[in-house]
Amino acid sequence: MKPIFRSRFLWELYAGYAAVIIATAMVVGVVLVRDAEHGVLEHIRDGLQRDAVLVRDIAAPYVALPPDSSFEQRIRALGARTGTRYTVIALDGTVLADSNEDPKTMDNHRDRPEIMAAANNGMGTSTRFSRTVSAPSMYLAIPVMKDGVLAGFVRTSSTLEAIRQRSDAVRRGIALALVLPVAAALGLGLLVARSFTRPLLDMTETARAVAAGDHARRLHIHRGDEIGVLADALNTMTGQLRAQIDTMATDRNKTLAILAGMVEGVVAVDREERVVHANAAAQAILGIDGRASLGRRVWEVTRVVEVSEALGEAMRQNRVRVSEVRIPTAQKDQVIQLTATPLRNAGDAIDGAVVVLHDVSELRQLEAVRRDFVANISHELKTPLTAIRGLVETMIDDRAMDAETRERFIAKIGDQSTRLSNLVSDLLTLSRLESGASGLRFEAMDLRETVAESCRTQIHAAETRKVTLTPGLPGAPVTIDGDVEAMRELVDNLVSNAIKYTPPGGRVDVKLATENGSAVLEVADTGIGIPPEEQSRVFERFYRVDKARSRQMGGTGLGLSIVKHVALAHGGTISLKSAPGRGSTFRVQVGLKPGNSSRREGTRSE
Amino acid sequence: MTKHLQIDLDGLSKELLTMGAMVEEATNRSITALVRRDKTLAREVIAVDDAINDCENRIEDHALKMLALHQPVAADLRFIITVLKVNNDLERIGDHAVSIAERAVVLADLEPVRRPEDFDRLVETVQQMMKASLTALVERDSALARKVCTMDDEVDRVHRLMYSAMQDVMRNDVRQIEPAVNTISATRHLERIADLATNIAEDIVFMVEGEIVRHNY
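Those sequence lines, one after another, are chains A and B.
Note that my numbering numbers the first sequence so that position 445 is 445, with each residue one more than the last.
Numbers in my numbering are just positions in the second sequence, counted from 1, shifted up by 1000.
Hints are computed from structural coordinates only; laboratory data are not their basis.
Treat the numbers as computed from the prediction; the structure is a model and nothing was measured.
Treat the hints with care, as some may be off.
[Unchecked claim] Some chain B residues near chain A, calculated using beta-carbon distances under 8 Å:
1. R1029
2. T1032
3. L1041
4. L1134
5. V1138
Every residue gets a Cβ at the ideal spot worked out from N, C-alpha and C, and that includes glycine.
This is chain A alone, in the form it adopts within the complex:
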């Protein structure tokens, strides 16, 4: 069966219509048939009556006489010819003659309804079952008058078989005349009903397809009536739905892209604390697998208890909750700031929570460095000041101080003030470097000259400490784009450090070369070296591997910090290779000034 015929709407629409048509046809048919049957009966009665009148004339002479066989023969012959049954009955009811039966075997007919009616009214009819012919029959009787006196009755009868045959024919005719238009009407009705049902079915199917996600589906119903309007409205709705879904998808992708691009970790959970989203940063911070964690309880996903605590509390207390958790590892502490916010749905009810994980390790470390710096600088400044104050106060109090002691004190005050001045100038250099390139004056300069000069000025100090200082310089100038002052500071610091930390008899090798478009300065010593765990910290301000020794050497603790900052300000790098007891090698790499002659020569010299 085609789907259209399974449509309930079709049958609901059509059943009423069909019922009305069929009922009308039936009523018309019944009325017509009854009318026709009535006509047939009338016609037959008329015939019977006519026959009765004719037979009466024949029978009139015989009714008052006893039964006569010739008369009987005649009636019988008459009946056989016309097909109608004739009965002649005497006044007392005795049957005198019958066209179908032997009158002697027949009952007295005086009590037959048609006879009684004929006796009273001049004519009587009756329709009943005749035992004589074993069929329903119609009887018509009229009185026979002899000389104005009732003498007997003539009865004619016809079986209803004949009547039925006639009326059947009439019925067939009428039925035939009705069936054709009814069939036409029904067929037409079906077509009309279908024309309403089909678009409805199409719409249903399309609506289902759209709901299932096929947003490209459109209705192709072009009609001017309400159904066409409905179909257009449906198409418009589908189009808008698609546009809205597209917008939502775009928004969602945007949001996901934003979340994925965030440095902060974001974990969102639903009301039951199941993870609905965890961005890449969150996965990295918490060490979880994003895909595997979706839909799982947050406390199953991460072992960082604070995360689930923050989410749960944000939801329960309906407020933003900020906390911090420290995750110590073998190398360093990881500090994560957690900001948990409850999520609300359209009805403003709490529908989950989101926690933002912000890695503040570096921030906290920087804060610690700053704190240390302030503490260190106060300490570094206070030490020489305290010494100077002590010396001066002693000199003031002790007027009787001998000249030699006084001289010694003054020399000490001089030393301490030099140290203070060094410290302050190093701090100024550092702050100039830290403020970025703005504090520096860049120009084309020959690094070879700077290194040579530095070695020249420090050769004396090296000799005093019995350290061999060997400068290894290239034959051509090494031109870089740099600040002469700053670079000299860098080289001085590296060379003087190397001399300071190398025991007598050791050597300091200073080597300048060009390599892949960079100037490379290596200062290698055979000194005390730096333990591996301290190597990453020697560039920090005021960091000293051996505190007592450094001060004794007159260091400010800022030298290597300055070196690092100068190198960085020149876009260069600094690295350190060292082993305790075997010496250290500092290597500074700074880009050559592009397009100068030294670069070509440098390349050739390699």
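Go by the hints and put chain B onto chain A.
Leaving out everything else, chain B in the frame of chain A:
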């Protein structure tokens, strides 16, 4: 009824996993404190033990209440029994973490002792076992739990090595006796943590498969 049971089971699971996370964190922190000679961190571990003990009591209380109230059968019953056992083991691990932290406080003030390289392996294996047993609990992964059981052999081997290594240290340098003794003590606690992690793993195999595998490994 079943729904209430399910909610309660979820809650119990959350409490146990939270406790597991706390204990794992305490273990890791105590080890870090030991390695980094960080007294502050060690004291933090010692301070958090009260919270772990409270957690143990709460979980036991809830589990017993659920047994009485719901009278669970089959998998649910095995789960609650496992929770009770794991709960106990976790609390013991927490105690060992405190002991390690106490050793770390003492060791931080003493001369650093030269630990054999195997010590790093021991620490790493114990941390892995701890992590894997809790992951097996979360994932109800009996295969992973069985793997944890086999890792214990490695811990036992390194533990034995540590004894002889520390003996050598003490023989060579009398001043190193105190730090060496404390280090041995810490190592012993680490070995106990590995045993308890193995217990947890065995309980997980029982919970998932219904088979008792204790003493097979």
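Verification of the hints:
no.: 1; hint: R1029; verdict: 6 Å, holds
no.: 2; hint: T1032; verdict: 5 Å, holds
no.: 3; hint: L1041; verdict: 6 Å, holds
no.: 4; hint: L1134; verdict: 7 Å, holds
no.: 5; hint: V1138; verdict: 5 Å, holds
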